[in-house]
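J.: Let the hints inform the model, and build the full structure from the sequences given.
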Amino acid sequence: MRGSPTRPGRAPVAGARPARPARRTAGALTAAALTLPLLGAAPSAAPPDAVPSGGTRLQKAFGAAAAAYEVPRSVLLGVSYLQSRWDTHDGAPSVTGGYGPMHLTDARTALAATSHHDEGTEDPRGDDARPPLRPKARAPRTGSLPDRLATLPRAAELTGLSTGRLRDDPAANVAGGAALLAEAQRELGGAPSEDPADWYGAVARFSGTDDAASAAAYADEVYEVIRAGAHRVTDTGEPVVLAARPELVPDRSALPDAGPRAVSAGSATTPECPATVSCEWIPAPYEEFGDGDYGNHDLSDRPASQPIRYIVVHDTEGAWEGVLDMVQDPTYVSWHYSLRSADGHIAQHVKAKDVAWHAGNWYVNAGSIGLEHEGFLAEPDAWYTEAMYRSSARLVRYLSEKYDIPLDRQHILGHDTVPGTTAATVPGMHTDPGPYWDWAHYFELLGSPFEATAGKNGGLVTIRPDYATHGPVFTGCETAGEPCAVHGSGAVRLHSDHDETSALIRDIGLGSNPTTGVNDLSSRVSTGQQYAVAGRWGDWTAIWYLGQKAWFRNPKERPTAVPAAGRVVTPRKGLDSVPVYGRAYPEKAAYPEGVPAQEVSPLPYTLLKGQQYVTGGKVPGEYLYAVTFDRSSHQVVRGTEPYYQIQFGHRVAFVRAADVTVRTV
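In my numbering, the protein residues as written are 1 to 665.
Since the hints were derived computationally from the structure, they do not count as laboratory data.
Since the model is a prediction, treat every value here as computed from it, not as a measurement.
A portion of the hints provided could be inaccurate.
List time: in silico DMTMM-like cross-link candidates among lysine to aspartate or glutamate, alpha-carbon distance up to 20 angstroms [said to hold, decoys possible]:
| no. | residue 1 | residue 2 |
| --- | --- | --- |
| 1 | Lys-549 | Asp-539 |
| 2 | Lys-573 | Asp-659 |
| 3 | Lys-588 | Glu-599 |
| 4 | Lys-353 | Glu-287 |
| 5 | Lys-588 | Glu-641 |
| 6 | Lys-618 | Glu-287 |
| 7 | Lys-618 | Asp-659 |
| 8 | Lys-549 | Asp-499 |
| 9 | Lys-353 | Asp-301 |
| 10 | Lys-402 | Asp-301 |
| 11 | Lys-549 | Asp-497 |
| 12 | Lys-549 | Asp-576 |
| 13 | Lys-609 | Asp-576 |
| 14 | Lys-618 | Glu-587 |
| 15 | Lys-588 | Asp-128 |
T.: What follows is the structure, encoded as structure tokens:
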């Protein structure tokens, strides 16, 4: 949603109020009794699925906590995987104030210093036929935090461990999660059980949500993880394994309303979501206000009126409750769906048939669905939960299948890859979700991973660094010019030569010198994007980028890109260069009487003879005229001159089909 947020302060550990000593009850231990298991000693009475000998410290911590609180280890591992993929994030909070492998939440502490700041100048509507829309940014509401954002203090009460230790010590954090699960099991009337199938209700309650459908969706996702199994190396370098249990069928009787959400087609209040996610309808208002003005979206009839070609991924730059306040304001902007970080819950605000004002480019808005994910672009440590990644991927797969949207980076767009509409708007375009969104993992969840599709000397490359170990330097997350925390990233920096001391690539459209700023897209590419190879030199690969030859380091032992094959465009024979556009609007002759012709003005770039750019396919010249609250004047103008969409720089762009030749490489 935003371009330049500020970083929320990290919660202090020192000086935290000591927790009250926990009563020793069945399935609970005091802090003193828990000390040896936390240090890795074997638990005294391990359940049948306890950790095998020789496991890492974190793996042993799961076994120790499972034994101490009589929770099946597979359940504990499954819940933790869905929250954090077992990562510790060096004690930093998630976007909703969750800490450690179990995502124990202390949002009051973590988010107390969060502020909201926006330096973007983007008109979210991006339609020249109307005055620019400049909604005022506002601070997200955090005054009344739900219980789901305060599980860490409760874990401190149950375990007798300090809140500081629960934040900073991964093993203590795991113990806190086990204590919460055991408490949920007791409150539901369930006895301790070694059978993971008996813990469905407790897992659902761990989600913290107050409605059965959302809790069931969360629990179903956890049990899917347990059935499939998982293994990965965490951010501390520790391998953790969850053995697959494909035969496992959870007992849903502890949650009477559990089960897939019923989907009734055609209802105005029924959200358009797959049955496998938790989803509710919180409508954005379509209202008139002021002097003939209205908001905060346009009614339409997609895909009958025009196809839905794109899904745009945003981040909210605010907390869940405040974001919902904003989208329900008719004077603000709109998007189709919001996704909650803590549990992946989804709220739909605008029907897919209608056009939301979210991407800053009217051509993209008219043909897209916008998804806002609870999070912060410039807060590398404010991590997204696995629950939200998975829920988002389920939603995108559903929308992709329903509207025939290709699962690639030219159709599943980040807001940061939406082009400016004209030369004047290029500098103000937003840059979310930013370099810390894990596109590689996201597309794995979409079932469309980024893999090599050509031999080692293929004519194209797909950008694909190893997110966990690839940590380019960024600045300006907290203070202008100051380095950001080192963090995994899917972004790769571009240079003017095959030398890291050479100048960064300059984006003439931004009108500024390139920097390593977290919001500066001048000289970087992103995981999943594809480019034509322009040269190779040792460990370096060159690509065509913004009309220039741009180099990035791509060593064989640690590649940042894989070979690819696909279609490219190049200037038609006889042309030394062709113009590049930020929108594919019809030619002037296509506009009927009563609809003002929209200017087709090129961006400040050219595609030069001899250069090649990967194309996402042919698109029509098209313009949705919708400038009044009364829909009677709305219409779609279609031209006869098509365009090709290309990956031109960090953002996509368009070229006229008549100007280029298309070939496969």
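J.: Next, verify each hint and record whether it holds.
T.: Hints versus structure:
1. Note on Lys-549 and Asp-539: the hinted pairing holds, with a Cα-Cα distance of about 16 angstroms set against a maximum of 20 angstroms.
2. Of the pairs offered as hints, the one joining Lys-573 and Asp-659 holds, with about 9 angstroms between alpha carbons and a cut-off of 20 angstroms not exceeded.
3. The straight-line distance between the Cα atoms of Lys-588 and Glu-599 is roughly 8 angstroms, inside the 20 angstroms bound, and the hint therefore holds.
4. At roughly 17 angstroms between alpha-carbon atoms, Lys-353 and Glu-287 fall within 20 angstroms of each other, so this suggested pair holds.
5. For the hint linking Lys-588 to Glu-641, the alpha-carbon distance of about 11 angstroms falls within 20 angstroms, and the restraint holds.
6. Between Lys-618 and Glu-287, the direct Cα distance comes to roughly 36 angstroms. Violation of the 20 angstroms bound is thereby established for this hinted pair.
7. About 13 angstroms separates the Cα atoms of Lys-618 and Asp-659, which keeps this hinted pair within 20 angstroms; it holds.
8. The hinted pair formed by Lys-549 and Asp-499 meets the criterion: a straight-line CA distance of about 13 angstroms does not exceed 20 angstroms.
9. Note on Lys-353 and Asp-301: the hinted pairing holds, with a Cα-Cα distance of about 5 angstroms set against a maximum of 20 angstroms.
10. Our distance criterion of 20 angstroms between C-alpha atoms is met by Lys-402 and Asp-301, whose separation comes to about 15 angstroms.
11. Note on Lys-549 and Asp-497: the hinted pairing holds, with a Cα-Cα distance of about 8 angstroms set against a maximum of 20 angstroms.
12. Annotation: proposed proximity of Lys-549 to Asp-576 holds, straight-line Cα distance about 16 angstroms (limit 20 angstroms).
13. Pair hint Lys-609 plus Asp-576 holds up; C-alpha atoms about 5 angstroms apart against a cutoff of 20 angstroms.
14. Between Lys-618 and Glu-587 the CA atoms are separated by roughly 16 angstroms; this keeps the pair inside 20 angstroms, and the hint holds.
15. This hinted pair checks out: Lys-588 and Asp-128 have alpha carbons roughly 15 angstroms apart, not beyond 20 angstroms.
Taken one by one, the earlier hints fail for this structure only at number 6.
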